[in-house]
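Combine both chains into one complex, guided by the hints.
Protein sequence lines correspond, in order, to chains A and B. Numbering (numbering that gives the first Met the number 0) for the first sequence: 0 to 345. Numbering (numbering that gives the first Met the number 0) for the second sequence: 0 to 348.
Hints are computed from structural coordinates only; laboratory data are not their basis. Note that this is a predicted model, so its numbers are computed, not measured. Don't be surprised by glycine CBs; every beta carbon is placed ideally from N, CA and C. Careful, some of the hints might be misleading.
Quick look at which bits of chain B chain A covers, simulated, 3 or more residues with Cβ under 8 Å [what the hints assert, rightly or not]:
id, segment
1, 112–126
2, 135–145
3, 257–270
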Amino acid sequence: MSAADAPVDAQRASAYRVAEAVVRFRELGIVLALIVVIGGTALDNHLFLSGTSLQQLLSGASIVALLAIGETLVIVTRNVDLSIGSILGLSAYMTGDIFVHYPHASIVLVLLAGAGLGLVCGVVNGAIVTLFRVPSLVVTLGTLYVIRGIDASWAGGNQVGAFSLPDSFNSLGYGKVLGVPYLGIVTIICVGVATYAMRTFRPGRDLYAIGSNPEAAHLAGIPVQRRVFAAFALSGLIAGFAGVLWLSLYGSVDSTAGTGYEFEVIAAVVVGGVAIFGGSGSVLGAALGALLLNTIANSLVVINVSSYWDQAFQGALLILAIAFDRLISLRLAPALRTRRSARAAG
Amino acid sequence: MPPAEATQSRQYLRPLVRWESALVVLLLATIALGDHLSPAFMHSNNFFYLGLNVGEVAIIALPLALIVITGEIDLSIASMLGLTGTILADTTSHGLNIWVAMAVTLLCGAALGLFNGLLVTRVGLPSLAVTIGTLTLYRGVAQIILPNSSLGGFPTSLTNIGVVPIPHTQVPYSVAIFAFLAVIFAIVLHATPVGRAIFAIGSNQEAAYFSGIRVKRIKLWLFVFSGFFCAVGGILYSLRFASARYDAGTGLELNAVLIVLLGGISIFGGRGTILGLVLAVCVIATLQDALTLDLMSPQDQNVVIGALLVISVILPNTSSIYRRARTRMASAAARRASRRVPAPESSAP
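Here chain B stands alone, though its shape is the one from the complex (with noise of 0.2 Å):
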């Protein structure tokens, strides 16, 4: 029969019915419009400044990507970025080696995280709230070990991460580390009891809680993880312009956001990808890159990124409210009908 062959053909497609494949499409609509724009976009050593500039928010978008899916948000992450980069020059700069400033930076921004996440979870207090808090306090902090000058004195060997990519590849290093990350972060997501309870308390956090899901410890380890890899990328970030400064990645955090919630995690918990975040750093930064070889300065940049955003928002629903009047439209049909036909049902025995 053909209208049951439709359905089935239209069920086999379904699964591609879904907010990746659309961040698929716009990344090779943003292709082409980058070969169109400039010859040099095609070019193999553009791929090098074209990840070169998204790879330290795509590794705190990470573990972001995981607190806003069970339903709290991470906005101290460009300052936990900066004061761990303000960290890792102090450290050197006193004498100690890189290599165990690289772990003492570490440790200190899992704490920052800690802090974040014993304030959320254990004192109960809104996630939004602390963290525009942190946001100001770790600012404030990086500010008061390195009030007001750039602090470099890095081994030329780690520097040369900004100018440099993996030899005989293209690839920056903090797009390689995002890569590996993105990789385990997945799988920890999507494939392990681990994922299924984060997104478990992202639904419903009370039935997560009465399901035996300890979902204090998890979020509190996931805002620690937070500020691991925020000292992660301020590592990168302060090692790629051979400088710390206290200001560096300001205003990083909503960048952070918009990839996160481009990329379909939904700001209400509960929904998302680590494919779609991967689909929306590629997006993201192929765009900036071809607007930038477009000669299209960084500010009018960010008017097509907000309306990327607010766009990205805006469609999913549109097609929730076209659902919404058709069924209304369909029922109000059927009633039509059943006025005029006398239904059967109701005389059957």
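Here chain A stands alone, though its shape is the one from the complex (with noise of 0.2 Å):
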């Protein structure tokens, strides 16, 4: 070791903790990203920033971002959730049901039977995943066909609309406290405790040691094919419970309710900061992705672009997003191997 090495690992030293600090505060990227639309748009129509417009922000997210969270979990452990979106339509469509034959029935049930939907295909599509230990892509890329067939065939073409809903559920979807709407408090609480739990507890932890080597995990005796069992359960959980208050957002279900979701949640989750890989990301930047997506979405009809570019924006995104990390992830790895041969050395 020279003298003359001295700056150069200074200078990767201080390259690591900008690093470091970027991936620590990969939220705070996508909260910078969320200032530049709100403020940018705001400029060109300032009722952009009026509490009418952040409420509908906050509630047209939500339901992305509550699924964002489930296929989080599913996505860290290096699994992949297409059923969603097909769980998430088939739960709507079942509470429009109970409603159209149970006009009086209490709400907080009808949220414990969507959820309970849900858990049942998430424990079906985890159950194969870790028995049979075939890929997650092919197995969910199955339920999602199943699951919207047999919403589709217990649908047909019928449609329940907002007359058919009572109005106390209806106000869940655009009822709101001090402001905020249910939906928003609903989503906040639930993206807060899985962030904590993710950031806390073993098995949320444990989710990560598995994305980032199965194999390793399954011999520092984590229970892998548990875990990731559980992850599955969880994902169709929330799908579920999103189900039903996307039908109270919406107003009316038919069976094609979700279709397409999938996409949508996973751009939002791999925005958010989530590898596709497994092992990095965390709900929060995931939720956050989904409230980055709908703003955008929102702020263009705001400054008159038309609609139509919504979609195209959306992807340019995701694809800007995956290639900012990976940008990322290649100044990282020199400031990584200088930290262990720092501390080889020290």
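Okay, here's the thing in structure tokens:
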């Protein structure tokens, strides 16, 4: 080790600090993007910052954000759940059907029924993936079709409209406390709990270990199959729960509810900084990703860009986000190596 | 000796124990089912409708199969199909000759694939995430080009391909193109160095790289081909419906992935045959047709097809679970036996 190496090391160390900050506060980047989008739009039209508009942003993003929680749990373990859109659709239709037959059904019971139905679907996914050790992409693609098919044959051409839903249920969708919509509150609580659990509790940390290296996680004594099973079950449960809320927000449901949500949710999760091959990312980031995508969609309307541009923007943003993550990880790799060698030397 | 004879005949039969044979059995069963369900099934012009609905998906599934064998995936295929369809309609409506418009469309398709390929191979992004991004992006661009209406104006002689088979046969044009392409893809994949390279990349990318295979270049070209053949699919799709819409073929990527996986092509790469893919196309087309003739709604058919996909991945693995259990039992039995009889070879010098 010569003196000439010292500045290089210092440079690397500072690069490491920058990279570490970016990774640790990956969520901060999304918050910044959010501020830029909201601020820029508000400059054009100050009504974008009005209470109603912000409430709409929050409740509009809440469904995708909820689904993103479950999807994050699954993706972090290096799996993927494509069936969430179908589960949401089935649960939403079941809720509508319950209200058609029992107009006075308790909302709590309906929420439980939706979550229970989702749990059953998630358990089936998880059981097939872990018992038969088959790739989750294939399994959940299959259950995407099966669950959507069950939904469609149950619903037929039927549509349940807002008039068949009790007022108390409809108010769940647009009601608010202190100006914050119920849906937003529910989502914020769920995201908070999930973020805390993933950071703090052992099963949560296990999910990251499994995603980083399944073999190593197994050898370290982590019950890999059981954890992956639980991740799928939870993802299904959340999707079922979100299905009930979806109906309360949109007020009518047919057999196509939630079609294509799987890709929208994965986009939100990836924009939020969750690595598609597992091992890193946070629920908070994923939820913020959902909020960002929804905000952009809304701001396009406000600044009078045709809403036809929305999809193209979302796709471009997703690609930018993964390219950005790739750039960071490229910068981070040498920095990590420096730290490791510094530790070995020290 | 009878035992040796038995093992010999078993070895002789071994080439038959493979996924493709299961697909053949499945196909025969489906045909029998169709014949049982409806008297119209065996009618010759039923074959035309059977093929018509699956032609474009089958064409875009071919390059997807090669991409999956290299261990990557392309989920943007249906969006490329939709986008190229709108490009075709847009350019012809601006007065471009239909054949020139087709050439432009094919080039655009290749460019879309090139964009995917560059992001995956040169920027180094995971193809699953990239192509979910371009799935949305390309569909969005299609929506910008052709916002809210359908656009037709193709010459009738060409839009006839949706109602008229190739003269003197019952073969739709799209199926004929698929059959021709399948032969070429099969030759390239199974009988050329490029094909071997594709398998090598899929089984072990590092090893393939160090043995001198140009991994990135091959992957890049596969994505370009994927875009190109999606444009072929997009042209056929628009001509069949005599109009283009921005949402044409939404969700077809899942159908194509389903065909590829049912065809026995491993999602982890490195394994699969074009024969399997062709058989999977036949099974899906026949099954859909039989169920439609039985007046089952397309939604209900999804249950059958989705279940078929799940079963198709579970079944090969149940045999491996069984084999694992059997070896474990056999080794346990061997351990018990060795405990009873002292091992003779340990005393030998």
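Using C-beta distances, would you say chain A covers the segment 135–145 of chain B, given that this needs three or more residues below 8 Å?
holds (count 8)
Chain A covers the segment 112–126 of chain B, three or more CB atoms within 8 Å, holds or violated
holds (count 5)
Three residues minimum, CB to CB under 8 Å: does the segment 257–270 of chain B make the cut for coverage by chain A? Let me know.
Check passed, 4 qualifying residues.
Of the numbered hints listed earlier, not one is contradicted by the structure.
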